[in-house]
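The listed protein sequences correspond, in order, to chains A and B. Note that UniProt numbering numbers the first sequence so that position 44 is 44, with each residue one more than the last. Note that UniProt numbering numbers the second sequence so that position 217 is 217, with each residue one more than the last.
Take these hints with a grain of salt, some might be off.
[To be verified] Below 30 Å or equal to it, Euclidean Cα-Cα: the simulated BS3-like pairs (lysine-lysine) are: (1) A/5 <-> A/22; (2) B/86 <-> B/224; (3) A/26 <-> B/10; (4) B/13 <-> A/26; (5) A/22 <-> B/21; (6) A/52 <-> A/26; (7) B/21 <-> B/10; (8) A/5 <-> A/52; (9) B/21 <-> A/52; (10) A/5 <-> B/21; (11) B/5 <-> B/21; (12) A/26 <-> A/5; (13) A/22 <-> B/5; (14) A/19 <-> B/177; (15) B/86 <-> B/225; (16) B/16 <-> B/5; (17) B/13 <-> A/52; (18) A/52 <-> B/10; (19) A/5 <-> A/19; (20) A/52 <-> A/19; (21) B/86 <-> A/19; (22) A/5 <-> B/86; (23) B/10 <-> A/19.
Keep in mind the hints are simulated off the structure, nothing from the lab.
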Amino acid sequence: MEEYKLDCLHEACPIPLLKALKQLEKMEIGDILIMHTDHNCSIANVVEWAEKHGHHIDYIEIAEGEWEIYIEKAR
Amino acid sequence: MTSSKIQALKRQKEIKHKKKKRQTPYAVLATTIALIIYLMLTNYHLHLSGFWIIGILLGVTMQRSRFCFAASFRDPIMVGSTSLLKAILIAFIISTVGFFIIQYRAVALNPEYLLTEIPGRLQPVGIHTALGAILFGTGMVVAGGCASGTLVRIGEGYIMQLVVLMGFVIGSTLGAKHFSFWDRILISEAPTIYLPDYLGFFPSLILQLLLLCVLYYIVDWYDKKNSIMATM
Numbered sequence: 001m002e003e004y005k006l007d008c009l010h011e012a013c014p015i016p017l018l019k020a021l022k023q024l025e026k027m028e029i030g031d032i033l034i035m036h037t038d039h040n041c042s043i044a045n046v047v048e049w050a051e052k053h054g055h056h057i058d059y060i061e062i063a064e065g066e067w068e069i070y071i072e073k074a075r
Numbered sequence: 001m002t003s004s005k006i007q008a009l010k011r012q013k014e015i016k017h018k019k020k021k022r023q024t025p026y027a028v029l030a031t032t033i034a035l036i037i038y039l040m041l042t043n044y045h046l047h048l049s050g051f052w053i054i055g056i057l058l059g060v061t062m063q064r065s066r067f068c069f070a071a072s073f074r075d076p077i078m079v080g081s082t083s084l085l086k087a088i089l090i091a092f093i094i095s096t097v098g099f100f101i102i103q104y105r106a107v108a109l110n111p112e113y114l115l116t117e118i119p120g121r122l123q124p125v126g127i128h129t130a131l132g133a134i135l136f137g138t139g140m141v142v143a144g145g146c147a148s149g150t151l152v153r154i155g156e157g158y159i160m161q162l163v164v165l166m167g168f169v170i171g172s173t174l175g176a177k178h179f180s181f182w183d184r185i186l187i188s189e190a191p192t193i194y195l196p197d198y199l200g201f202f203p204s205l206i207l208q209l210l211l212l213c214v215l216y217y218i219v220d221w222y223d224k225k226n227s228i229m230a231t232m
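Just chain A, with the same shape it has in the complex (with noise of 0.2 Å):
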């Protein structure tokens, strides 16, 4: 299993979720993609396309307005 980390700071929405997929595509199933980000709505975003997609997704608060959202690879 490995871990992928993906800084998306200060970038508008979708550019998150467009990052996210491409990183995705080149990971295998069970690996783990990390995404920071301080917009909260590329959280709704990625959590909805991930969960239309079957993978398992998490995100969590780490400062004030910033966040880390997991994603791991189902499928």
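We have chain A already, so just place chain B on it with the hints.
Same frame as chain A, now just chain B:
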């Protein structure tokens, strides 16, 4: 949906960042100040106090629901999701009925109405509408937010949108300065079209609602088709 690996990562982070400042006192303070201003305004100017409270409620709704006009028109093309576009269409359906009631009452009071007197800002429609829409649409997708979205995000503390706000101010100033030019060559030439003038009030209401429902149906179908293609 989550997994054990993600839970483990989350727990690690939670231990590291346990100290989180509570923001509730600020919220209570801000709400109290807003209410005091509202009460002071009701004595002074009833209209202004209404605008004040409606504006705040709109802002809160937009922030909490993450309602975003830019995303609603961008997502169908960029990521194939139409959930926000459907929300906009529902909002249009509701406001169509609302405006129908308001305009019907205004016209019933004054049967010899002038188009400029009808509530709802009726404006000429023409090439300038399409041109403006293309310019605005390009801008809002690049900037990551329309006017209201930008303001909501600045309120949240999202710094990138401050740059957008500067562009927004410069753009509106230039637009206001050049308005007479556009008005002279395009806007004053274009007709103002008000459907009830041609069809009558009730038929145009039904036509508009029908069109919106058809659009909703198409958009819903697009979303379903798109998600099936994407999960294949």
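Quick rundown of the hints versus the structure:
1. Pair hint residue 5 of chain A plus residue 22 of chain A holds up; C-alpha atoms about 13 Å apart against a cutoff of 30 Å.
2. For the hint pairing residue 86 of chain B with residue 224 of chain B, the CA-to-CA distance comes to about 13 Å; that is within 30 Å, so the pair holds.
3. Proposed proximity of residue 26 of chain A and residue 10 of chain B is supported: the alpha carbons are some 23 Å apart, at most 30 Å.
4. At most 30 Å may separate the alpha-carbon atoms for a hinted pair to count; residue 13 of chain B and residue 26 of chain A meet this at roughly 26 Å.
5. A threshold of 30 Å between alpha carbons decides the hint, and for residue 22 of chain A with residue 21 of chain B the separation of about 35 Å lies outside it, so the pair is violated.
6. With a C-alpha separation of about 19 Å, the suggested pair residue 52 of chain A and residue 26 of chain A falls inside the 30 Å cut-off, and the hint holds.
7. As the CA atoms of residue 21 of chain B and residue 10 of chain B are separated by approximately 19 Å, the hinted pair is consistent with the 30 Å bound.
8. The straight-line distance between the Cα atoms of residue 5 of chain A and residue 52 of chain A is roughly 22 Å, inside the 30 Å bound, and the hint therefore holds.
9. About 34 Å separates the Cα atoms of residue 21 of chain B and residue 52 of chain A, which puts this hinted pair outside 30 Å; it is violated.
10. With a C-alpha separation of about 26 Å, the suggested pairing of residue 5 of chain A with residue 21 of chain B holds against the 30 Å cut-off.
11. With a CA separation close to 27 Å, the supplied pair residue 5 of chain B and residue 21 of chain B stays within the 30 Å bound.
12. Using a Cα cut-off of 30 Å, the hinted pair residue 26 of chain A and residue 5 of chain A holds, with the two alpha carbons roughly 13 Å apart.
13. Simply put, residue 22 of chain A and residue 5 of chain B have alpha-carbon atoms about 22 Å apart, close enough for the 30 Å limit, and the pair holds.
14. With a C-alpha separation of about 39 Å, the suggested pair residue 19 of chain A and residue 177 of chain B falls outside the 30 Å cut-off, and the hint is violated.
15. With a C-alpha separation of about 15 Å, the suggested pair residue 86 of chain B and residue 225 of chain B falls inside the 30 Å cut-off, and the hint holds.
16. Distance check on the hinted pair: residue 16 of chain B and residue 5 of chain B sit about 17 Å apart at the alpha-carbon level, within 30 Å; holds.
17. Between residue 13 of chain B and residue 52 of chain A the alpha-carbon distance is near 26 Å, which keeps this suggested pair within the 30 Å criterion.
18. This hinted pair checks out: residue 52 of chain A and residue 10 of chain B have alpha carbons roughly 22 Å apart, not beyond 30 Å.
19. Pair hint residue 5 of chain A plus residue 19 of chain A holds up; C-alpha atoms about 11 Å apart against a cutoff of 30 Å.
20. With a CA separation close to 17 Å, the supplied pair residue 52 of chain A and residue 19 of chain A stays within the 30 Å bound.
21. Restraint check for residue 86 of chain B and residue 19 of chain A: the C-alpha separation of about 26 Å stays at or below 30 Å, so the hint holds.
22. Our distance criterion of 30 Å between C-alpha atoms is broken by residue 5 of chain A and residue 86 of chain B, whose separation comes to about 34 Å.
23. Of the pairs offered as hints, the one joining residue 10 of chain B and residue 19 of chain A holds, with about 22 Å between alpha carbons and a cut-off of 30 Å not exceeded.
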